[in-house]
Amino acid sequence: MTASRSLPPPNPVSPSGVRFAQGQLIPAQQPTSVSLTKSTDYYEQRCVKFPQRGAFHSYAELIHALLLEADRDVTSFVPQPYQLLVNRRFYIPDVYAVRSGRIQILELKPEGKFDREKEAMLVAFFDQYGMHFEVVANESVLEQEQLALNWLPLIQVLAQALAQGIDTQVEEQRLYDIARAQDSLAVGDLLHDSSRQEQYPKELALYRLLHRHDLVCDLTQRPLNYDTVIAAWN
Amino acid sequence: MEPEWQEITNWPLVDTQGLTSERRRGFQKNLRIAAGVLEGRTMRMVAEDLGVSPSKVSILMNRCLGGADDHPPALTRGLIPYRQIKIPIRNSSLATLTQPVGGRCAFGHLLATVPNLEAHLTEQIRLAVRRSRRGQNLSPKALHAQFISHLESQGWPRDAYPFTSVSRGYESVRRFLRRTKTDFLMPRESKRVIGARKAPVCAFQEIQIDEALVDCKGAAAVVLHNRMKPIRLGRISVLLARDVGTGCYLASTIAPTVHPCAADILALLEQLIQPWEPLNLTTPGLTYVATAGFPSALGEACCRPAFGIIRLDNALSHLSHQVRRMVCEHLGATCNFGLPKTPTARALVEQAFRRLNIDIHRFPSTTGSHPADTLREPSKLQKEPPFISLRALEESISVLLTEHNHRPLGNQGGVTPMEQIAYQMANHLTPLRSGFLGPGLKPFERMRSATVRKGSTAGRPRINFEGCQYEGAALNSAALVGQKVNIVLDIRDIRYLDVTTIEGTPLGTVKAPGPWLRFAHSVSLRKRINQMVRRGFLSRRDPLGGYFNYTMAHRHLPKEALTMVTLSGQIDEVNKEPAAPYGARESVVREAPEVNAALKRLSDWSPHMARARKK
Numbered sequence: 001m002t003a004s005r006s007l008p009p010p011n012p013v014s015p016s017g018v019r020f021a022q023g024q025l026i027p028a029q030q031p032t033s034v035s036l037t038k039s040t041d042y043y044e045q046r047c048v049k050f051p052q053r054g055a056f057h058s059y060a061e062l063i064h065a066l067l068l069e070a071d072r073d074v075t076s077f078v079p080q081p082y083q084l085l086v087n088r089r090f091y092i093p094d095v096y097a098v099r100s101g102r103i104q105i106l107e108l109k110p111e112g113k114f115d116r117e118k119e120a121m122l123v124a125f126f127d128q129y130g131m132h133f134e135v136v137a138n139e140s141v142l143e144q145e146q147l148a149l150n151w152l153p154l155i156q157v158l159a160q161a162l163a164q165g166i167d168t169q170v171e172e173q174r175l176y177d178i179a180r181a182q183d184s185l186a187v188g189d190l191l192h193d194s195s196r197q198e199q200y201p202k203e204l205a206l207y208r209l210l211h212r213h214d215l216v217c218d219l220t221q222r223p224l225n226y227d228t229v230i231a232a233w234n
Numbered sequence: 001m002e003p004e005w006q007e008i009t010n011w012p013l014v015d016t017q018g019l020t021s022e023r024r025r026g027f028q029k030n031l032r033i034a035a036g037v038l039e040g041r042t043m044r045m046v047a048e049d050l051g052v053s054p055s056k057v058s059i060l061m062n063r064c065l066g067g068a069d070d071h072p073p074a075l076t077r078g079l080i081p082y083r084q085i086k087i088p089i090r091n092s093s094l095a096t097l098t099q100p101v102g103g104r105c106a107f108g109h110l111l112a113t114v115p116n117l118e119a120h121l122t123e124q125i126r127l128a129v130r131r132s133r134r135g136q137n138l139s140p141k142a143l144h145a146q147f148i149s150h151l152e153s154q155g156w157p158r159d160a161y162p163f164t165s166v167s168r169g170y171e172s173v174r175r176f177l178r179r180t181k182t183d184f185l186m187p188r189e190s191k192r193v194i195g196a197r198k199a200p201v202c203a204f205q206e207i208q209i210d211e212a213l214v215d216c217k218g219a220a221a222v223v224l225h226n227r228m229k230p231i232r233l234g235r236i237s238v239l240l241a242r243d244v245g246t247g248c249y250l251a252s253t254i255a256p257t258v259h260p261c262a263a264d265i266l267a268l269l270e271q272l273i274q275p276w277e278p279l280n281l282t283t284p285g286l287t288y289v290a291t292a293g294f295p296s297a298l299g300e301a302c303c304r305p306a307f308g309i310i311r312l313d314n315a316l317s318h319l320s321h322q323v324r325r326m327v328c329e330h331l332g333a334t335c336n337f338g339l340p341k342t343p344t345a346r347a348l349v350e351q352a353f354r355r356l357n358i359d360i361h362r363f364p365s366t367t368g369s370h371p372a373d374t375l376r377e378p379s380k381l382q383k384e385p386p387f388i389s390l391r392a393l394e395e396s397i398s399v400l401l402t403e404h405n406h407r408p409l410g411n412q413g414g415v416t417p418m419e420q421i422a423y424q425m426a427n428h429l430t431p432l433r434s435g436f437l438g439p440g441l442k443p444f445e446r447m448r449s450a451t452v453r454k455g456s457t458a459g460r461p462r463i464n465f466e467g468c469q470y471e472g473a474a475l476n477s478a479a480l481v482g483q484k485v486n487i488v489l490d491i492r493d494i495r496y497l498d499v500t501t502i503e504g505t506p507l508g509t510v511k512a513p514g515p516w517l518r519f520a521h522s523v524s525l526r527k528r529i530n531q532m533v534r535r536g537f538l539s540r541r542d543p544l545g546g547y548f549n550y551t552m553a554h555r556h557l558p559k560e561a562l563t564m565v566t567l568s569g570q571i572d573e574v575n576k577e578p579a580a581p582y583g584a585r586e587s588v589v590r591e592a593p594e595v596n597a598a599l600k601r602l603s604d605w606s607p608h609m610a611r612a613r614k615k
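Those protein sequence lines, which keep their order, are chains A and B.
In terms of my numbering, the first sequence opens at residue 1 and continues consecutively.
In terms of my numbering, the second sequence opens at residue 1 and continues consecutively.
Treat the hints as calculated values from the structure; they're not laboratory data.
What you are looking at is a predicted structure, and each value in this text was computed from that prediction instead of being measured.
Mixed in with the good hints, there may be bad ones.
[Claimed, not checked] The list that follows gives simulated cross-link-like pairs (lysine-lysine, DSS-like), each with its CA atoms no further than 27 Å apart:
(1) Lys38(A) to Lys198(B)
(2) Lys442(B) to Lys383(B)
(3) Lys109(A) to Lys191(B)
(4) Lys484(B) to Lys511(B)
(5) Lys38(A) to Lys454(B)
(6) Lys442(B) to Lys454(B)
(7) Lys341(B) to Lys109(A)
(8) Lys454(B) to Lys527(B)
[What the hints assert, rightly or not] Across the chosen pairs, the derived CB separations fall in these ranges:
(9) Ala28(A) to Pro408(B): 50 to 56 Å
(10) Pro278(B) to Ile26(A): 52 to 58 Å
(11) Lys559(B) to Asn225(A): 47 to 53 Å
(12) Gln382(B) to Gln52(A): 51 to 57 Å
(13) Glu139(A) to Ala142(B): 39 to 45 Å
Even for Gly, the Cβ is constructed at its ideal location relative to N, Cα and C.
The shape of chain A in the complex, shown without the other chains (with noise of 0.2 Å):
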């Protein structure tokens, strides 16, 4: 007698040959192997918008998610974010965000390359559960390098806090009406009144008021200092 063996059942939402791997829609951070930690230009960093530690097998990938953390636009992202079977191989996108409400899964690659089949694929699965598949060039990425690395012990400070649970609601209340007040001022006029040590709960304050984009300045160029000119977002 024969060992009977029966195939599992076609998933009937993707005809196209892509599944989920663990069957679930809600996006969570795929664990990277140790060898594939070993094999990349590996970064972990702690962020705001991700509150966990978050994998990135590129230097590409960390500027985006940096850039992402920047964006006033992006509410949330989750990279590594599903394990999908792709003409049954594995494959996981770089990063899910969530712009504007609209949710995006994103690949970046050099120059944008990208299978052709295989993009029309996920676009196609992706479409269905109302995402957006996109390919991203590296090179668009790294062109605001810049501005990400300027972010970058921004997004390390408040991501400590967060975890930390750091309170500095009244700190931020005053700093903002002091920012309303005026056009534009200096960061040296905000913080001016304190030393370094204690100046801690002020620079915290600054930076979450900067991060959630009720006051604005120009990183573009340059890191924050206390010449930069800050104003309120009208």
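Following the hints, complete the assembly by docking chain B onto the known chain A.
Chain B only, in chain A's frame:
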């Protein structure tokens, strides 16, 4: 035509000094023709003024501004007489036996018309250049044979070129081989972007961490049977953190091992946020520079900057979850494990080790940079222990590293790294992180789950951990027997474990059996001792004492001698604290006060004692 080409002055400059006088004259005349046409005069007028035919003007302008859409125009190059502008192609058919014609551009024509010929020849050359297993060491003769073979396989007529020529296109194949091979061997810039493309300039923006073996062997004095005996020790490792923006050394630690573990990396990371304290220098002639030190000695702000990206290589000890947790959660930084076999990605810290070893190589017991190094300790000296002690070596490294921070650097504009950091901290808004490490496990702590067990016979509840049964009042509850609990351990010292319920309610502390309580030992040391116990090298009754005796017996091996000295240091630490002694002490005498006092009470060995014993 691009708008800027309307002006002859916008055309690229050609240096005419390299042309012959005749060609230079022709070039100047052509330049006047082009300038005249671009001014808006008709071709006929320009031709009349300069004494040439209108067709000559038309041909010249076509030569300068015409061409294929996907190629830029020749512009000024087209004005040079007799300069070949277009890539030559063959327009006429190839020579046959009945219609012999010239062979100009015939090989190029073959490459363009015979299916896969160019791809086949290029692939053969690529395999040869890459030294592929499927390739061959190509010579022009071998490639020519491939060329002929491919033509025959494609059914190329035997009465057409190259079969009509005597050499059958050998010279063209040889030139094709040389050109393509040169092209493959050209250095190519990698498109992959690794790390920041702009070098960081701010303090603490990027930190590189690595470890390296110190190129020197030290010695230690062991007091055995009331006699001091020096022994040769194995090499130690130095772990270093260096700031990229300022070139400043931020912290360093010494690991008495060839392979530093995660605990050593954690110790280094802890040094980054602890105020630096100088060593108590005991070596004669060795002193710190007056203001020497690491930046953490500059003040609290320098102990809690937001460390940007901490770059490490992908050694397994770096990939430890505790290291990642320490970097990302306690320090709030970004950790990066670079690509394998790319040490140049962390060139600054590698340079620091090279610089350190320049001074370390002055010691006669140096191992040199490589096996053939002439500075290497000669074999005749290797039979005796070196003069430099481990303590002196550690102090030398500390002084050398801190001294670097007070040396003006050329790439910092003649400013010392410490001055640079102090200036940036005082005048720039370097973000500070929170002062405390946050909730949860401490850097050296690790959590595991275990089951509380109790045998059928009378006995206390216990937890099995790393081959030992831990007991304590925290487990003395019937409700806990058979239940899972969480244990929190310090990886440097596993004599005591904190126990909590699965929900996180603290229960108390449990301790290891008596023989394991004598001095602090790590998880890795416990594992090694247990392995030796299983093999029968050590007794189960007193494994720690047995292990110390084992290293004592094998002290002639530098590695074991180094382990013994490390253990002695840990035992001395315990001896400083009032701790109850357990069982019989080993016979090795250490530099502890009570042991030294006991030694003084013993009379020295003398021949008279031996003679008396014989009687």
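Which of the numbered hints above does this structure break? 2, 5, 6
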